[in-house]
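Dock the two chains into a complex; use the hints.
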Amino acid sequence: MSTAVLGPGRLAWQVAEVTDTVTETPRVRTLVLDVPDWPGHRAGQHVDVRLTAEDGYQAERSYSLAASPEEPPAVTVERLDDGEVSPYLVDEVVTGDRFELRGPIGGYFVWDAAGAAAPLFLVAGGSGVVPLMSMLRHRAAAGSTVPARMLYSSRTLEDVIYRDELEQLNSRTEGVQVVHTLTRVQPPGWTGRAGRVNRELLQEVAFPPEANPIVYVCGPTSFVEAVAEALVGLGHPPGRIRTERFGGA
Amino acid sequence: MVHVDGNAIAGLLETVFGRDLTAASGRCSGCGAEREVGAIHVYRAAGVVARCPDCDTVLLRIVEAGDRIWVDLRGLTTLELRS
Numbered sequence: 050m051s052t053a054v055l056g057p058g059r060l061a062w063q064v065a066e067v068t069d070t071v072t073e074t075p076r077v078r079t080l081v082l083d084v085p086d087w088p089g090h091r092a093g094q095h096v097d098v099r100l101t102a103e104d105g106y107q108a109e110r111s112y113s114l115a116a117s118p119e120e121p122p123a124v125t126v127e128r129l130d131d132g133e134v135s136p137y138l139v140d141e142v143v144t145g146d147r148f149e150l151r152g153p154i155g156g157y158f159v160w161d162a163a164g165a166a167a168p169l170f171l172v173a174g175g176s177g178v179v180p181l182m183s184m185l186r187h188r189a190a191a192g193s194t195v196p197a198r199m200l201y202s203s204r205t206l207e208d209v210i211y212r213d214e215l216e217q218l219n220s221r222t223e224g225v226q227v228v229h230t231l232t233r234v235q236p237p238g239w240t241g242r243a244g245r246v247n248r249e250l251l252q253e254v255a256f257p258p259e260a261n262p263i264v265y266v267c268g269p270t271s272f273v274e275a276v277a278e279a280l281v282g283l284g285h286p287p288g289r290i291r292t293e294r295f296g297g298a
Numbered sequence: 184m185v186h187v188d189g190n191a192i193a194g195l196l197e198t199v200f201g202r203d204l205t206a207a208s209g210r211c212s213g214c215g216a217e218r219e220v221g222a223i224h225v226y227r228a229a230g231v232v233a234r235c236p237d238c239d240t241v242l243l244r245i246v247e248a249g250d251r252i253w254v255d256l257r258g259l260t261t262l263e264l265r266s
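Quick mapping for you: the protein sequence lines, in order, are chains A and H. Heads up: the first sequence begins at 50 in our numbering, then just goes up one per residue. Heads up: the second sequence begins at 184 in our numbering, then just goes up one per residue.
A couple of the hints might just be wrong.
[Stated by the list, open to error] Partner residues are not named here, just some residues of chain A that face chain H (Cβ under 8 Å, in silico):
1) Leu60
2) Asp97
3) Arg110
4) Ser111
5) Gly156
6) Tyr157
7) Phe158
8) Gln235
9) Asn261
10) Glu293
11) Arg294
If you are wondering where the hints come from, they were derived from the structure by calculation, not from laboratory data. It should be emphasised that the depicted structure is a prediction, and the values quoted were computed from it without experimental measurement. Where a beta carbon is used, it is the ideal one built from N, C-alpha and C, also for glycine.
In isolation and in its complexed conformation, chain H is listed as follows (with noise of 0.2 Å):
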């Protein structure tokens, strides 16, 4: 499957949280790399998972199904976000 980047995923993360995240710094609790969240690998189905670019652990998924959105952030330990 072909991936895209966190950015492709920018109006969705802004609409959940209310914010651009895409500039945001994401560690990931696999191999504690740390980069954009618009950098990460995201691969799309019914949902959208996203992987770390070096450990390819799972970051983030998301499930938009009706009038509820679904997001599980299992992956990130840290999100840093600047003003």
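Just chain A, with the same shape it has in the complex (with noise of 0.2 Å):
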């Protein structure tokens, strides 16, 4: 409808075929996709996926893209329970399904290896993570040899996204420190953090302003306003803070 009037620009619908899907957890389900012509993206980005009923109704949301630059594309998908899409994302698609996407989208809440000097923090908040483990990954993948470090909060244990893959990132790249906290339940023998991410936190795990980090910041609006509020607070320019707000929740 809206292309018709405007003609067909470089950002179209096109159709996206599912070729694996990855359970990251009981809620979270990763895709990976085809894309025909698929023009590449960079880290941190999202795609809108559509999806039509048999009476023409019509919905759409947008997805961070989990997948390097370096990798075809994959979205990562949270359930939310009175969703439109998700559930459809999360529960029903298998592998060889089809639907409709636009992207990659987006041109400020992006991170490029390439000419990045500026330590990297990331601080997650649930499914937060996505667009900023597309970042970690690039990193990875790009060879970049900068100071990143993730700060990701979580409701439980079951709740962490990549939790195999950050682990790793973690214990055997250099230069990348990730740290966990659990805001609701921690289980026997954790040694990560537990509680909100607060001032004090941020102040410990953070890079130094001194060190004129880059910040990216990624979660619920509630999250997202007070993490970079506290950002602020401990001397961080507002303009080294992008952020990325998912809404409520």
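Printed below as a string of structure tokens:
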């Protein structure tokens, strides 16, 4: 419809085919996609997905790309129980299924390894980890050596997305440190942090403002607001903090 | 109402303007603050309303209706795009 008015721009709806699925947590699944003429993407970008019901009703949502630019496109989707799109993508879709997609989209919440010198500080709330994972994967695939730290807040250990891969990055990749905090339940013997991300935890984990880090914060709106405010309070210039808010929750 | 970022309407903006707009800088007509379109505050209802994070001035409104897109850029004094 819109494209009919404005002509077929570069950003057109096209059909993506699911080539693989990965169950990340009981509520989260990754879909690896084949998109004809995929132009390549940047770490942090997203796609819009559109589903059309038999009666013509359409629902459209945005999902962050989880894959590094060096890999085929993949999205990681969290099921929202009252959602119109995510239950289908998390529970129903099987390999070989197709749906409409447009992208890659966005030029603001992106990180390019080429030319990057500033330390990279990533703060994730829940499924806000997805675009930040793309950045860490990109850092590794591109052979970047900039110091990188991720502070990742989840409700429980079971909710941690990419847990094994993050553990590998943390223990085996030089220059990468991943710190988890669990806000609701901590398992016996938990050696990570507990509770919400606050000023004290940020002060401890973040690169100091003097190191001039570039900071990416992604998660629910309330999480992003609290983290960004605390970072500014610690002396990080607002212009060095990029945010992506998911909305409610 | 909970807001999201200009990022969230990147696809819609690119449909309208034919290129990514989230990395462009916009100047607010209310307070003069200049920041990336990806960082402005976006509220979604029947249409999209974007406001200045500093002073809450309405920067732009976009409504999609059938075969039309209606764009109101009342609050943006300037837009600076870089290649």
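Hint check against the structure, violated hint numbers in rising order: 3, 8 and 9
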